[in-house]
Structure formats: C-alpha cells, structure tokens
Amino acid sequence: MDPAVPAIGSSLPRVDGVAKVTGRARYLDDLDAAGAWHGATVRSKTAFGVLEAIDLDPAFDWSQVVVATAADIPGANVIALIEDDQPALVKIGQRVMHVDEAIALVAAPTRALAFEAAKHITPRVRAMTPVYSLEDALACKQPLYKDTNVFKQFLIRKGHEADAELDAAFARAAQVIEGTYDTSPQEQMYIEPQAMMAEWRDGRCFIVGSMQCPYYVHKAMKALLGCGPDGVVITQSVTGGGFGGKEEYPSMLAAHVAVLAAKAKRAVKIVYDRDEDIAATTKRHPCRTHHRLAVDAAGEILAVDIDVVMDGGAYLTLSPVVLSRGVLHAAGPYRCPVVRVRGRVVATNHPPHGAFRGFGAPQTTFAYERQMQKLAIARGEDPLALRKRLALRSGDTTATGQLLGFSVGTDEVIAAIEGVAGTAPTRDGTGPTGAPVRRGRGVCFYFHGAGFTGSGEQRLAGRATIALTTAGTFEVRSSSTDIGQGSITMFTQIAAGALGVDASLVSVIDPSTANVPDSGPTVASRTCMVVGSLVDQGSRALAGQLQTWAAENGLGGRPLLEIAKARSAHGELTHTVQYEPPPGIEWNDTTYTGSAYPVYGWAACLVDVSVDLDTYEVTIDRCVQAVDVGKAINPSIVKGQIEGGTLQALGWAVLENVVYKDGKVANANMTNCIVPTFADAPDLETILVEVPYPFGPSGAKGVGEIPMDGPAAAVANAVENALGVAFDRLPISPEAIAATKSQWSPS
Amino acid sequence: MTSYLRPRDLEEAVVARAAYPNWMVLAGGTDLMVNANHKPIPGGILDLWRLGEIGFIRVGDGAIAIGAGTTWHEVERHPAIRDRLLPLALAAREIGALQIQSRGTLGGNIGTSSPVGDSLPVLLALDATIEVASVRGRRSIPYSTWCTGYRTSLLASDELIVAAHIPLPGAGTWTTWRKVGTRRAQSISKVMGAAAIILDGGTVVSARVALGAVADRPIRITAVEDAVRGLSLARAAEAARAAVRTSIQPIDDIRSTSVYRREVAENLVARFFTSAAGVS
Ligand SMILES: Cc1cc2nc3c(=O)[nH]c(=O)nc-3n(C[C@H](O)[C@H](O)[C@H](O)COP(=O)(O)OP(=O)(O)OC[C@H]3O[C@@H](n4cnc5c(N)ncnc54)[C@H](O)[C@@H]3O)c2cc1C
Numbered sequence: 012m013d014p015a016v017p018a019i020g021s022s023l024p025r026v027d028g029v030a031k032v033t034g035r036a037r038y039l040d041d042l043d044a045a046g047a048w049h050g051a052t053v054r055s056k057t058a059f060g061v062l063e064a065i066d067l068d069p070a071f072d073w074s075q076v077v078v079a080t081a082a083d084i085p086g087a088n089v090i091a092l093i094e095d096d097q098p099a100l101v102k103i104g105q106r107v108m109h110v111d112e113a114i115a116l117v118a119a120p121t122r123a124l125a126f127e128a129a130k131h132i133t134p135r136v137r138a139m140t141p142v143y144s145l146e147d148a149l150a151c152k153q154p155l156y157k158d159t160n161v162f163k164q165f166l167i168r169k170g171h172e173a174d175a176e177l178d179a180a181f182a183r184a185a186q187v188i189e190g191t192y193d194t195s196p197q198e199q200m201y202i203e204p205q206a207m208m209a210e211w212r213d214g215r216c217f218i219v220g221s222m223q224c225p226y227y228v229h230k231a232m233k234a235l236l237g238c239g240p241d242g243v244v245i246t247q248s249v250t251g252g253g254f255g256g257k258e259e260y261p262s263m264l265a266a267h268v269a270v271l272a273a274k275a276k277r278a279v280k281i282v283y284d285r286d287e288d289i290a291a292t293t294k295r296h297p298c299r300t301h302h303r304l305a306v307d308a309a310g311e312i313l314a315v316d317i318d319v320v321m322d323g324g325a326y327l328t329l330s331p332v333v334l335s336r337g338v339l340h341a342a343g344p345y346r347c348p349v350v351r352v353r354g355r356v357v358a359t360n361h362p363p364h365g366a367f368r369g370f371g372a373p374q375t376t377f378a379y380e381r382q383m384q385k386l387a388i389a390r391g392e393d394p395l396a397l398r399k400r401l402a403l404r405s406g407d408t409t410a411t412g413q414l415l416g417f418s419v420g421t422d423e424v425i426a427a428i429e430g431v432a433g434t435a436p437t438r439d440g441t442g443p444t445g446a447p448v449r450r451g452r453g454v455c456f457y458f459h460g461a462g463f464t465g466s467g468e469q470r471l472a473g474r475a476t477i478a479l480t481t482a483g484t485f486e487v488r489s490s491s492t493d494i495g496q497g498s499i500t501m502f503t504q505i506a507a508g509a510l511g512v513d514a515s516l517v518s519v520i521d522p523s524t525a526n527v528p529d530s531g532p533t534v535a536s537r538t539c540m541v542v543g544s545l546v547d548q549g550s551r552a553l554a555g556q557l558q559t560w561a562a563e564n565g566l567g568g569r570p571l572l573e574i575a576k577a578r579s580a581h582g583e584l585t586h587t588v589q590y591e592p593p594p595g596i597e598w599n600d601t602t603y604t605g606s607a608y609p610v611y612g613w614a615a616c617l618v619d620v621s622v623d624l625d626t627y628e629v630t631i632d633r634c635v636q637a638v639d640v641g642k643a644i645n646p647s648i649v650k651g652q653i654e655g656g657t658l659q660a661l662g663w664a665v666l667e668n669v670v671y672k673d674g675k676v677a678n679a680n681m682t683n684c685i686v687p688t689f690a691d692a693p694d695l696e697t698i699l700v701e702v703p704y705p706f707g708p709s710g711a712k713g714v715g716e717i718p719m720d721g722p723a724a725a726v727a728n729a730v731e732n733a734l735g736v737a738f739d740r741l742p743i744s745p746e747a748i749a750a751t752k753s754q755w756s757p758s
Numbered sequence: 167m168t169s170y171l172r173p174r175d176l177e178e179a180v181v182a183r184a185a186y187p188n189w190m191v192l193a194g195g196t197d198l199m200v201n202a203n204h205k206p207i208p209g210g211i212l213d214l215w216r217l218g219e220i221g222f223i224r225v226g227d228g229a230i231a232i233g234a235g236t237t238w239h240e241v242e243r244h245p246a247i248r249d250r251l252l253p254l255a256l257a258a259r260e261i262g263a264l265q266i267q268s269r270g271t272l273g274g275n276i277g278t279s280s281p282v283g284d285s286l287p288v289l290l291a292l293d294a295t296i297e298v299a300s301v302r303g304r305r306s307i308p309y310s311t312w313c314t315g316y317r318t319s320l321l322a323s324d325e326l327i328v329a330a331h332i333p334l335p336g337a338g339t340w341t342t343w344r345k346v347g348t349r350r351a352q353s354i355s356k357v358m359g360a361a362a363i364i365l366d367g368g369t370v371v372s373a374r375v376a377l378g379a380v381a382d383r384p385i386r387i388t389a390v391e392d393a394v395r396g397l398s399l400a401r402a403a404e405a406a407r408a409a410v411r412t413s414i415q416p417i418d419d420i421r422s423t424s425v426y427r428r429e430v431a432e433n434l435v436a437r438f439f440t441s442a443a444g445v446s
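In order, the protein sequences belong to chains B and D. Each number in the working numbering comes from the position in the first sequence (counting from 1) with 11 added on. Each number in the working numbering comes from the position in the second sequence (counting from 1) with 166 added on.
If you are wondering where the hints come from, they were derived from the structure by calculation, not from laboratory data. Warning: the hint list may mix true and false statements.
[Stated by the list, open to error] Below, simulated DSS-like cross-link-like pairs (lysine-lysine); rule was C-alpha separation at most 27 Å, straight line:
hint, chain 1, residue 1, chain 2, residue 2
1, B, 752, D, 205
2, B, 102, B, 163
3, B, 672, D, 205
4, D, 205, B, 675
5, D, 205, B, 56
So here's chain D without its partners, still in its complex pose (with noise of 0.2 Å):
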C-alpha cells in the first residue's frame, strides 16, 4: 500500500519530507504521472497540490517571487509577470496547452530539472535564486548552480521548492524567450532559449543567454556572453552565432537531430540579438 499525505501547512511538509525522503514529492503530477506506468509504485505520496505557502505571486520593489504551486496558467495571466517578466509569461503560454498549464507548476518544473523544461533557461537569463525549505531551515540557491547534471539538482533529500525569486530587469534590459518544438502545441522543445540583454543605445553592455535541450541541463552559454560585450547589437548577433557554434554539442534523439539543434540554437540567439535592434 502507498502512504498519502496532504500537509496542512509547509512546517508539516517538511517535517514529513525529512521523515520520508523517498516519498515522492507531488505537485501537479503532469511530469510524474506520465512515468507512472513504468516507474515502480512510490511507498508514499506527500501531495502538495494548493498548498497555500508555496501558491503565491508578490511583487517586491527589486524582484518577483513565485510560489513553487503556482500554476503555468496562473504566471501567464498575472499583469506583473507580463509587464515586467515577459520571457517567463511566454514560457508559460507554451508549456504544453491549457490543461497543463492548469496543472503543471513552477516548482514541478524545477523539479523535473529536465534538458527540455521551457521554463529553466528562462530562471537562468533572469538569474533567478530558488529558496527552499527543510527542517534545518530555508536557504536561497542561485539557480545558476542549480542544477547537477541529466535531471539531477543541488535540492537535498529532506528539502522542497518553496519559491523562485526573479530579480525585475532594469530599464535598459531586453528581454526574451523562444522555443522550437516538435509541433505548434502540447510538444517536447527541440531547442529552446531565454535571454536578457543589458543595452547602451544600440550596444551591448551585457548579456545572459541560456539554451535548453542542447545539453543533459539548462546551460547559461558564456561564450555568447563574453563576445557580446561592447558590442553593436548587429555585430554581436554574429559573434553570438559564432560562440554558440563553438560551445554546444547537442545530441541526436527521437525528436531531433545533433545538426538541426545547433543549427537553430545559432540562429536563434543571433536572432535574440537583432530583435534587440527593434527596441532599443
């Protein structure tokens, strides 16, 4: 028999997560209960689906934290999030369709840590920090160093999501997100990115670019960021597409292969860059 526990409040969640750190961690289950079939039966379930402390939107002076539970469907339509976080609205808007995005939340994407989560790259263009919770307290983790490997994360085994913190861009930061997937809707991203770019007129102070589905992580790619620096947005929509070039090596799988996906990932940072160009 499994066990199932629906914590009143997140003291009683952690406490039940260091209790049993081999239960599974549910959300809104649309990652877990598609391996359902195939994975063997959990001893117990800690449901944390409308958990009042981690189902939150709060607009602070520098930054926007999200609660883990907050639904897709619930980070797309918030106006903050459009106005001021608009790559991660757009991420929202894209994950999977309606029904998911009605199910699906913050936290399970982070907790997936999945090459292909379309919001991940998002969280690493916006240096976004991840606050969690254990009963030996709460600790912020840069989510640039989140993640470990092939769906694996720096996330303890007696700890839970509770928020993601995204600092708001400044005035002259460009913001964006993009994504390619096998078809128009409910589809696996073959090659996804996020960025945001720090501009002077037409040149680039700074950048943070990430990609996902071209390595076993989300990956931030330096690369770009080094060439770009001082740049006009022009000529660093070409240095971009030349570091890109240089610095993945995506695979070949059911969905796509090793020469498309770096081909796109080049020409969509390059693209990144020159649509800059319209809005500056």
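Extracted from the complex, chain B is given alone in its bound form (with noise of 0.2 Å):
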C-alpha cells in the first residue's frame, strides 16, 4: 500500500486540530457578519402560570431595536422534535412552563441595546402553583402534561408474564438486595455557549450556528416557518463542544433568530451569556431508580425488578427516548431469567431536561452497579470476581431477550482490569497535609448500547455520499458534525484508507443541510460506527466504479489517483449509500424485546480513591478503564473520547451539581456550577480492547458515551469501600460524606 495512506489504527493528527488550537478556527461569534444585529431574549421568571400580557416600558426608547412575540413566527408556534408541546415564544394566554421560559425576543443593533432592552420587557404572568418532585408530578395534583404528567412510561417484562411470576421468583430468593438511587442533573459545559445567527435572502432562510444535529434544526424550522425544505438552509458552524446539549436545543435559537431576523430585515444572532446557557438550556435527567435484587444460595440472580422515574422537566422533548436508553441499560449486562423494568418520565417546572452524553444510561448503571457491590459485600466476595461470574456472555440473552452473537468482549475488558489491578490500597493511612485517610477500591462492568434504540437506525435510514470532484480530490458529504470528537478526522481515514490514496486527498465538507444528504443525527455514539461505516462502503464502492470506468477507457491497472485525474475531467462522480440493518436485528416497540442495540460496547472501571478525614474530600487516586470499542480507527482520538467522557463522569460522582431552587437553577455561573479542572484528574489509565463488530467499519462499534456510564459507580463503591458507609446518591460531596461520619467503620 501507498505509505501515505493513513492506515486503520494509526494516530492520524486532527485534521482539524492546528485550527483549533492557533485560534483559526472560526465559531459563530468569530464569523464575518457586517451589519448583523444582536438578539435577546425576554424570559418568564415565574416557573408555572398564565402569560396575561407582554408589557413594554413606555418610557424607553424601541424606535431603535427590533421586539418578536409568538404574534410573529409565520408557521406553527413548536419546536417541532417528538411531540409538538414546546412553543418557541409563548402565546398570550398560554401556559408558562418554567422559569426561563423564552416569551419575547429584541434585536438591536448591539448586543450591549439588545440586553438593554429585553430588561424593559416584563412578562405579565399570572402565577400557579408549580410541580418540582417527582412525588408531586406523579400524584398529578397539578396536571403539567395530559392528565397524568407521565411523559412516557416502558414495561420490560422477562421470563414472566404476570407480577404474581415475579412476586414467586423474588420468594425464592435466598437473598434480596434493595436500594434506591438518586442521581443528579448535569451540566453539558461545553466550551462554546449556544450561539445562532440568521439571514434571509430571497424569501429563503439561512441559518449558521453551533448544534450537533443539521437535519433536526430543518425539521423544526420547516415547521416555524412553514415552508418546505428548500425553504430554510441550516448549516453547522465549527462547533465548541456539545456533550447532547447541542443535539435538541440549538433549534429553539434557530427559531429565535430566524423570526429576528424576519422581523429586522437584516441578519440576527444570538449568542448566549454563559450564565444564561446554564440557566435555560437542558441538563442530563435527574432520575430516582427503585432496584431490587434476587439471588439464590449459590450467588445466581434469580430477578431483578427495577423502576426508573426521571424528571423530564417542562416539556417532553427527548426525554421518552433518554428514558428508553435508561430502561434498556437498567437490568446491567448480567445473566438474569427473570426481569421486570418499569420506567416512567414525568412532567415538572423544571426547564426540560435533555440530552447529555450516555443518554439515560449513566442514571440506570450508577444503580445497578451499586446493587452489585452491594451484593458482593453481602455474600463476601471479590467484587470484581462476582461481576464475571454474572456476566453475559456470548450465548446468553440480555433484558429484552436479545440473543448475544459476535464483539462481546466481558472477557477481555475484565482481564484487562485484573491485569492491572495490582492489589488493593491500605485503608487507613496519612496524607500529604497529615490528615488520616480512608483508602478504598471499587470495580465496575458495563456496557452500552451502540447507535440508535431498536429500529431506529432503520426508521432513520442515514445516508452519506463519497464524492470525486472535479477538482481530481475526494469529499465526503454527511450530516455528522465534528463538535470536538474528531469525526472529520475519522471520516477521513476511514475514506483515505477505502480509497486506497493519501489522507490531504480528502476533504470532509462542512455539513449544510444544502449539500449534504441527511446521515442523522450526531448523537448514540453511532457517527463512527454507523455512518462510518456508510464512508466506508461509499469510498469502496467509488473506487470500484473508477475502476470500471478505467477499464471501459483503456486506463485498467493505472493508480486509482491518476484514474481519479482522468474522470475527473468528465465532471463530479459520486456514491451515496444508505444504511441497512445487520442481518438478525429484530425488535419489537409494543413489547420492548428483540435487538435493542445492533452491538454494546463493553467496560470494566477501576477506581482507588483516598477520603480526607479533615476535610471530607474524594481524591481519585487511580482510575482504569477498559473499553471494548470493537476497532480503535484512531487511537489517539478514542482514548480523547474515553478519557473525557471518564473526567465528566468522575466530576457527576463528586462535584458536580446543577442546584435548583424554586424551578431555578441557583448555580448559574461556573463559579459554582463547576466541573473537574486538570487539577481534580488523576492520571487517567485507558486500556483499549478490540473485540470486533462485524458491520462497523474494520470492526468499529461506538465510544462516545460508553466511558460516562460506569465510573461514578467506581467512585461510590470505591468510597463505600474506604469508609463502610454506602452512597446512593450524587454527588458524594465532602458535605455528603461528612455526614456520614457516625456511621464509618471502625479505623
């Protein structure tokens, strides 16, 4: 092979990444916009009532801004995503659902005015009652949504048919592990707050902006606006980081400026104010999960019954697919006959929780991996022996019935761990300052769900084309953005190495909704496995009809390159290829069973940390992770992705919080709502474990938010470990531990 082909498994530098890192790379803020006006938005401030009126200060001056209201979006009044309950601005007589509700927007001529004068808008409400626990939404006193305030609900039933079946199994049991689990919501944090402009030209809209998902942002404009798809343009910006909280919410900004600009005649953005960002945009679902634990005398589960109640916040949004995820990950990947998983997301005052990495998934594995520490200390065995034990394995069935085949690597992912481990801390020591300290290890194994849920990817039907330019160079056109994880430079790889040339011959373009066909969202950890795989078979197949037009053209047996330089003078030649499901993928949306996941990935986390008994603070001493991620394209970027995902996931088990008080988030600045520095991260081991999935592109499954999922449980069984007392609830705070301090175990 041509030595410049990037191969497979090869480090290629961030094609991206000089950009980035000299300040070339130009955000939303950064670009060109002469003459563009600034927009700002007017919020509720009361968390539940009836906006009466919209009252402007009589004694400023509007002549010179720009003032929107529902009154003037063209289309329909929704942020048109599941279910159409989101309005872009309330309507006068509406309800308001939270406190940061968007009412009014106004533009001006700088940012300075627009802010100006958003403060001379006050929302008349007429305040009601709020609901912000999930006991009060489910007792459904104040109906949020339908009669019920359940956004969606799941039943998963395994190996029974009736309660009374489960009730039997559970009686049984020679032992019954129970617990309730309370995790936290999260703040996204990427670098780059949420940021949008807009133009019109021609009676067309163009929208540019921060997301992670184009084709979203056109379906809901398409919906404001009213129009069809060539109506609106939407295309990604160079993108600072998105974690979910760019996946559903950059649409709500896009109707914002797109009506702005309507209105101004003239282009619009909005850029939001950090404190801003954190107060109105979505953060991962708080979630309370029951879970129950039945096992024989030999250590076998029997059953598990779980129920899962997340607070979806104000409006439904994502929350029944982040619910799904959750539900589908709740009974852990272990071998169990008989599961019964109820899940529930309820309507709140809270702003509407979203997306964030892990989807769903972290909330249910801190759960279950709590229960199994909890298990292996009841039974007095190793911790990390007693997940093997119960692990499923290649031949076994997960929760909804799935028969696991190929790219299971429980195996490898924990003898990679016990290859490591090396033997536990001693509990009791002195630190640096001369503190006593408390020492502990805690172990966790999980897994994750690769792409989209059940028959997504099929509903879906992505599609991504490789295209030969007339320029004699390559492209590759798909809707995936590169918000940070080094997509272009995976897609490039994957497309340099099909095609068999050097990696400066392809270009990844930059995805509008105006040239690139609609590859689905950035979200699932399934850009490199799912339209990874599409670059990839795209690439083979345009090399192949190179070929065939060489041959045709007495160029057989030349270097594709120069091939490529031949037909290229005939003009552009491109493929485009479409996803098809691996053979066997089956699944069923009335009974929740079948393929919940075309593959998992696999992980196993070990953590030692150090408790200061002056000051109650967790140190992260050590923190191993091993992740099946099927084929590592490039390692360097896949360890960047395990090592982040583990840093945010360590941060939700110790420090981080989002605090609302009265429907508001009370830490709105990253003073207070913060997330780990370089300081807080320990030395971050990543061993990479190469269990291959068939249908990804050289065996590629994904990783984006595997690494999220299991090490806040690491943390909690590591600090259980250290101090006898269990932590069933995030964050486990200096301030949670030193409560705790009656109960510790004996020094």
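Reassemble the complex: the two chains are provided individually, in unrelated frames, and hints are given to aid placement.
In structure tokens, the structure reads:
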C-alpha cells in the first residue's frame, strides 16, 4: 500500500487540530457578519402560570430595536421534535411552564442595547402552584402534561408474564438486595455557549450556528417557518463542544434568530451568555431508580425488579428516548432469567432536561452497579470476581431477550482490569497534609448499546455520499458534525483508507442541509459505527466505479489517483450509501423485546480513592478504564474520548451538580456550577480492547458515550469500601461524606 | 462615557482619587471584571495596573513590605517570601490558577475584602500592617482592625492601598496556611485559614489563628489563641478544636453548608497544631 495512505488504527493528527489550537478556527461569534444585529431573549421569571400580557416600558426608546413575540412566527409555534408541545415563544393566554421560558425577543444593532432593551420588557404572568418533585408530579394534583404528568412509560418483562411470577421468583430468593439511587442533574458545560445566526435572502432563511444535528434544526424550522425543505438552509459552524447539549436545544435558538431576522430585515445572531446558557438550556435528567435483586444460595441472579423515574422538566423534548435508553440498560450486563423494568419520565416545572452523553444509561448504570457492589459485600465475594461470574457473554440473552452473538468483550475487559489491578490500597493511612485518610477500591462492569435504539437506525435510513470532485480530490458529504470529538479526522481516515489515497486528498465538507444528505443526528455513539460504515462502503464503491470506468476507457490497471484525475475531467462522480441493518436485527416496539441495539460496547473500570478525614474530600488516586470499542480507527482520538467521558463521569460522581431553587438553576455560573479542572483529574489509564463488530468500519463500534456510564458507580463503590457506608446519591460531595461520619466503620 | 486615567505616579493617583472618589480603582481587574456585567458602569476608571510605586517586594530586617500592585505570581515565586512567609506563598499558589495569579494583586484581594479572600487570614495570622496613602498623607492600619464588615474596610474614599508590611516570624514560630475549596484549582474557598504558632520546644507560647469563609469577614479566632497558651501541641490541638466549635457561626450557601464549614474549620485548626509537632 502507498505509505501515505493513513492506516486504520494509526493516530492520524487531527485534521482540524492546528486551526483550533492556533485560534484560526472561526466559531459562530467570530464569523464576519457585517451589519448583523444581536438578539436577546426575554424570559418568564415565573415557573408556572398563564401569560397575561407582555409589557413594554413606555419610557424606553423602542425605535432603535425590534421586538418579536409569538405573533411574529410565520408557521406553527412549536419546536418540532417528538411531540409538538414546546412553543418557541409563549403566546399571550398560554401557560408558562418554567422560569427561563422564552416570552419575547429583542434585536438591536449592539449586544448591549439588545440586553438593555430586554430588561424593559416584562412578562405579566398569573402564577400557579408549580410542581418540582417526582412525588408531586406523579401525584398529579396539578396536571402539567395530559392528565397524568407522565410523558412516557415503558414496561420490560423477561421470563414472566404476570407480576405474580416475579413475586414468586423473589419468594424463592436466598437473598434480596434492595436500594434506591438518586442521580443529579448535570450541565454539559461545552466551551462555546449556544450560538446561532439567521439571514433571509430571496424568501429563503439561511441559518448557521453551533449544533450537533443540522437536520433536527431543519425539521423544526420547516414547521416553524411553514416552508418546504428548500425554504430553509441549516449550516453548522465550527462547534465548541456539545455532549448532547447541542442536540435538541439549537432548534430553539434557530427559531429565535429566524423570527428576529425576518422582522429586523437583516442578519441577526444570538450568542448566549454563560449564565443564561446554564440557566435555560437542557441538563442531564435527574433520576431515581429503585432496584431489587434476588439471588439464590449459590449467588446466581434469580430476578431483578427495577423502577426508574426521571424528571423530564417542562416539555417532552427527547425524554421518551432518554428514558428508553435508561430502561434498556437498567438490568445491566448480567445473566438474569426474570426481569421487570418499569420506567416513567414525568413533567415538572424545571427547564426541560435533555440529551447528555450516556443519555439515560449513566443513571441506571449507577443503580445496578451499586447493587452489584452490595451483593458482593453481602456474599463476601470479590467484587470483580462476582461480576465476572454473572456477566453476559456470547450465547446469553439480555433483558429484552436479545441473543448475544458477536463482539461481546466481557472477558477481555475484565481480564484487562485484572491484569493491571495490583494490590488494593491499605485502608488507613496519612495524607500529604498529615490528615488521616481512608482509602478504598471500587470496580464496575457495564455496557452501552451503540447506535439508535431498536429499529431507530432503520427508520432513520441515514445516507452519506462520497464524491470525486472536478478537481480530482475526494469529498465526504454527511450531516454528521464534528463537535470536537474528531469525526472529521475519523471520516478522512476511513475514506482515505478505503480509497487507498493520501489523507490530504480527502476533505470532509462542512455540514449544510444544502449540500449533504441526512446521515442522521450526531448522537448515540453512532457517527463512527453507522455513518463511518457508510463512508467506508461508499468509498469502496466509488473506487470500484472508477476502476470500471478505467477499464472501459483503456486505463485499466493504472493507479487510482491517475484514474481519478482522468475521470474528474468529465465532471463530478458521486456514490451515496444508505444504511441497511445487519441481518438478524429484530425489535418489537410494543413488547419492548428483541435487539435493543445492533451491538454493545463493554467496559470495566477500577477506581482507587482516598478520603481526607480533615476535609472529607475524595481524591481519585487512580482510575483505569478498559473499553471494548470494536476497533480504534484512530487510537489517540478514541483515548481522548474515553478520558474526556471518564472525567465527566468522575466530576458527576464527586463535585458537579445543578442546584434548583424554586425551579430556577441557583448556580447558573461557572464559579458555582463547577466541573473538574486538570488539577482535579487523576492520571487516567485507558486500555483499548478490540473485539470487532462485523458490521462496523474495520470492526469499530460506538465509543462516545460508554466511558460516561460506569465510573460514578466505581467511585461510590470505592468510597463505600473506604468508609463502610453506602453512598447511593450523587454527588458524593465532602458535605455528604461529612454527614455520614458517625456511621463509618471503625479505624 | 466612562473617563479613564492611568496615573504616572502615586502622587497623581492620590490627587485623582481625592478628586473622583466614585471612580473605580482598577488593579488586575480579576475581581472587578467578574461583576462588570451586573454592576452599573462607573463614571471613571483609575487604573493602577503596573504603577511602579506600588509594585515592589522589599525585604527589610524585621519585615517584608509588599506593594499593593504585586501580582500573586510575583509573590509566589519570590525567594524571601517562600522562605520566610511561607503561608503567603502557599495562598498565592492557590488563588485561582496561573492566569489569575498573573493579573490578580495583593492590593486587589485586600481591596475587595471578601470573606473568601484567600490571602486575608494570612495577613491576620502574620499580624500585617496596611500602608495607605491619600492627599492627606500616609497612615498605617493594623490589618487586625482593617475589616469592618461584609466587604467593608477602614479604607477611606480618598485613599489608596500602598503596601502590606509583614513582620518576619521569629525562629520559634511555625506558620501555616490551608484552603478547602470547591475543587483543586479555580475555586472559591469553603473554609480556609492560617496560623502562626510561637513555640518553646513542644509547648505553645502563643498563637495567632485566623479563618476565612466562616463569617462575614476574615476573622482571628481569639478563643483558640486564649485556649492554647502554655499547652503541649497535642493538647493544644484538642483545645483549639473545642474553641473553634463555639466561636464561629458559618452559613449555608450555594457552595457548602454551615455544618460542614464548622466541622472542617475545627479539623483544620487542630491540624495546624498537630502538624507543628512534626517540626518542633
Ligand atoms: C477565575 C477567578 C478565580 C479566582 N480565584 C480566587 C481565589 O482562589 N482566591 C481569592 O482570594 N481570590 C480569587 N479570585 C479573586 C481575585 O482574583 C483576587 O481577589 C485578586 O487578588 C484581586 O486582585 P485584582 O488586582 O485583580 O483586583 P481588582 O479586581 O483590580 O480590584 C479589586 C478591588 O480592590 C480595589 N483595589 C485594588 N487595588 C487597590 C489599591 N491599590 N488601592 C485601593 N483599592 C484597590 C479595587 O478598587 C476593587 O474594589 C478569583 C477571581 C477569578 C476571576
């Protein structure tokens, strides 16, 4: 092979790397937008009530600005997603559902004037009694959504038909482990806040901004603007992080800039303030999981019974899908003949919760991996040995009855951890300040379904195009966005590898609905596995087409580049591939049985902690993750994904939190809504395990989300190991640890 | 329009300060800029950044004088401060992180006079004196009397902070500092404190102990100072713990709880004494 062809499995430097570290990459707010006005959002400030009027201060000079309300929306006043329940702007007479709901918009020549004008607009809201807790939402004294407050519920049954059979299995148990687990909301804290710009030209609306999913925005804008697919063009700008936070929310900004730009008759951009971004945009769903686990005298699992309740916030948004992933992972990667999982996601007057890396799975993983720890303690069994004994392998079935075949990395990831574990730290010791410390070790084992749930990928039928341009170079055209995770580089590597050309001859074009097919959203750990596979197939097919053309034109046997050069003189040549599900994938959406995901990633994690007994702070002394990724196309990027996801999980475990007070984020700033810094990060040890997925590009499967799922439980298990007290609620803050002091095991 | 003045020297600065007492006095701006979005725009800015006369570190026989305009980075890497005023060097190293340390100044920390100002308990424990200047002349204010309430001080509206004078601890004095923040860097203190413990062998002759983030201002814990006199370090640690318990009423806020702050304050102060045992 030509030595310049980047090998699959080599760490090609990031294609976008130099531009980003030298500051040349232009994010939305850096784009030239001569004459563009700035938009600001007027928010409700009342958690629940009826909007009676929008008062404009008569003393303010309104001639310099443009004000827009729901009345200015040309099409349907909805953010079209799964259900059309969320308006872009609350209309007078309608209900206000959370404190940071958008009521009106202002555009002005300067940002300062826009913000100043927004202060002079006051929504008049007749307040009603809001609902914040899961209990109140379920009791439904105040209906927020239909007459139940339940956005969505699921019931999974395996190995039984009626509750009585489940009860019988529990009655046979030698031991039942039971617990309730609460996980906290979490802020994505992407570096670039939400940002979007719109301009109307010749009756068409051009929207550019920071986003994960151009076609989600496209769908929402078609409804909002009441136009056809060509009436609005959505283009992604260089995006400074997403983590799910730019999955559904950008449609809201797009709606706002589109309406303002129409009214102001010029380009309008909205760039959120950090504080506004934290307060108004989506967070990880807070979740309560009740988990019962029945085992026989030999320690085999007889049954699990799980009840998951998530707080969806004020509107349905993506909550049903988040809950779906939550319940599908709730029983964990363990053999179990009888499973019942019930899940509900409820409406409250919190701002809507939404997508965040892991998408429901981290919440339920925390619960089942705490349960496995308690089982190990109750049985006096080594925690990793117990997991190894009970783990799913090829030939076993999951909670939905999916028979596992290929690419089950259970033994490999557990062996990887066993191989490096070494002896556990001594429990009692002295820290660097002279304070006594307690040390502990925790492990966890977990899995994550890659790609869309159930028949999602089939319904979506994502497409990607590979083109030979008239310049004789190659282009990858897909709607998958690079949001910092490295997909441009990964696509380049796959396409160049499949075509057998130098990486510099392949470019991945900036996603715009005007010039890329819908490859599906950039979510669900699917970009490499699903879209990467389309790029791989498309590149091979295009190479084949070129060879055929060469044979027909007397160039047979020549190097591909030479053929490409000759063919490009005759115009562009493209090949588009559409997703086809692997054989044997069947899913029943009614019974929630079958192949929940085409394949799973598998992971094991080991964490050593020390707890400072002067300050009750947890230090993560060591964190090892072994992750089965199928194939690491670019090991350095894959390790980066795992390290980043791991640190996000460690932060969620011990220090991150979003605190609501009267329905409003009380810590809406970077001072108090903290995420780990490098000083908080331990050396992260990452072990890549490769058990190939036959239908992924070179065997690759999803990696983006899995590292987020497990480490929080491993930390909780380690702290329990150190102190002898169970921690079943996140975050495991120093304050929470201090409060358990009287229950610690004796020194 | 906001006026702007960058004085050539301290003389010009104090004249401007007297003429425009409502102008914003700007040093590194690391406190002021955080509030820029929420505060009314000032009539004018008096910019003291890099004003030579307040940017110095002078090592004298009995004291080190540190100009108000000295950045935390300069404080942290100064050999005499590391050697003789270790608690101040330790505090400097934990204020924000490198970027903040390169801009933020000692004078700004004193000027903001926040209960969570990390250097302030050090100034209390090391018995610093603050030198201020105005058109009326110069005066020295013992730091122990400086703070008058939540973010208020004895600094008059026509005065500027010139320097902190910190006496060098004697040979038998053990000094220390400790911060407990919301995380390891770029964090606001939940509890922090400093101590200077004068020892005779293993016995405490006297001590100055100060805490931050447990009251509306940084405070000396005199109950501890009274309780430990003449005790062995081990007994002093226990006496100090008990004295802290009854002398502070910290608050619950978005960053921590009253219970936690009190408990950690006790532990830290007790630790100040037990770790002194390791060196005496
Ligand atoms: C991200 C971040 C992290 C931070 N972390 C910490 C931390 O860990 N610990 C901590 O204690 N602080 C922290 N701070 C706060 C701040 O950096 C410090 O208080 C710093 O010492 C302020 O110095 P400055 O020169 O920037 O002050 P400025 O913001 O310029 O001024 C602060 C105040 O002092 C007054 N002032 C300044 N100089 C004089 C003078 N010569 N005479 C009279 N008045 C004067 C000003 O008028 C103003 O009221 C942090 C700030 C940020 C933004």
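Please name the hints from earlier in the document that this structure breaks, with their numbers sorted from lowest to highest.
1
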